[in-house]
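> Sequence:
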Amino acid sequence: MIIKNINISILAVIFISILILFLAFVSMIGKNIFYGEGQSLEESMEWQREHYDTSFYNGLQKEEFTVKSYDSYVLHGEILKNPTPSSKYVIISHGYKDTRYGSLKYASIYLSLGYNCIIYDLRGHGANESTFCSYSVREGKDLAEIVHFFQEKLGRNAEIGLHGESLGAATTIASLKDVQNVSFAVADCGFSDIENVLEEIWRYSHIPTAIGPVMNQYAKLHFGIPISAMRPIDSLAKNQVPILFIHGEDDQYILPANSERMYEATKGKRDLLLVPKAGHAESVFVNKSLYTEKLKDFLSSLAS
Numbered sequence: 043m044i045i046k047n048i049n050i051s052i053l054a055v056i057f058i059s060i061l062i063l064f065l066a067f068v069s070m071i072g073k074n075i076f077y078g079e080g081q082s083l084e085e086s087m088e089w090q091r092e093h094y095d096t097s098f099y100n101g102l103q104k105e106e107f108t109v110k111s112y113d114s115y116v117l118h119g120e121i122l123k124n125p126t127p128s129s130k131y132v133i134i135s136h137g138y139k140d141t142r143y144g145s146l147k148y149a150s151i152y153l154s155l156g157y158n159c160i161i162y163d164l165r166g167h168g169a170n171e172s173t174f175c176s177y178s179v180r181e182g183k184d185l186a187e188i189v190h191f192f193q194e195k196l197g198r199n200a201e202i203g204l205h206g207e208s209l210g211a212a213t214t215i216a217s218l219k220d221v222q223n224v225s226f227a228v229a230d231c232g233f234s235d236i237e238n239v240l241e242e243i244w245r246y247s248h249i250p251t252a253i254g255p256v257m258n259q260y261a262k263l264h265f266g267i268p269i270s271a272m273r274p275i276d277s278l279a280k281n282q283v284p285i286l287f288i289h290g291e292d293d294q295y296i297l298p299a300n301s302e303r304m305y306e307a308t309k310g311k312r313d314l315l316l317v318p319k320a321g322h323a324e325s326v327f328v329n330k331s332l333y334t335e336k337l338k339d340f341l342s343s344l345a346s
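Sequence positions in the sequence shown follow my numbering and run 43 to 346.
One thing to keep in mind: the hints can contain errors.
Once the Cα atoms are required to be at most 25 Å apart in a straight line, the calculated BS3-like pairs of lysine-lysine come out as [to be verified]:
#, residue 1, residue 2
1, Lys219, Lys262
2, Lys311, Lys280
3, Lys73, Lys104
4, Lys139, Lys110
Hints were generated in silico from the structure; no laboratory data involved.
All chains should be modelled from the sequences, with the hints used to inform the complete structure.
What follows is the structure, given as structure tokens:
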């Protein structure tokens, strides 16, 4: 009897130990996914300077702004004014763990096309207060608030378009259900839903796919938003905003199939560019001339 009780106690200790280790593992993954440490504004700017010419930025007239979002969260950003006065504006959304300065590589193109550029820090990034990433759910609402803010600030004569990279592309797509009178959207290497991206991460990290439902519940319990709800593609069912999807053919992080699915899902005018030999968020670096020409052609087609 004593031996039996000892065996039960040992099994209980083993079970509890395994459970504690499992919960610690889930917590570690959850923190990395939803609270990944991002770059500071200074670190982000330094990265840009090391990878492409940012000298154009120094000579621009700039105007900093803040926007209070739907839940009173404060977003920080700046307007980059085109040297040639223009009523055309594009709001550019950066990728995960980056800052507004990650948008400069696209701003240089839009400035050359006669646009003023509005760059900002996504929720939980840059100069903003730290918080979790909801992979387009809250971020899309934030962008919609920024659009509304500038529509009121700039007036009816201003043309406003959207451009996003990776998380910023998902944010751009997610915002479309909450905005009106947006001229266009460009989504570069965005995800249709975050679940399929995480499944790829589990696969190449050799983590059992059974972790998926567990992380879904983790997100629901901790943030009130399950991973299964982080689906920008659902915003496209009734969309009429023209969208250009861009994706690197060699993107192994967010597979090109994500953009292809969203291309098929949108109801509005659409176009798709797959850039050969480009990995994740590399299209503008791998072939900037192709990127620029496609963007010019897309924008020109909207005017015809």
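> What are the numbers of the hints that this structure violates, sorted from low to high?
Per hint list: single violation, 3.
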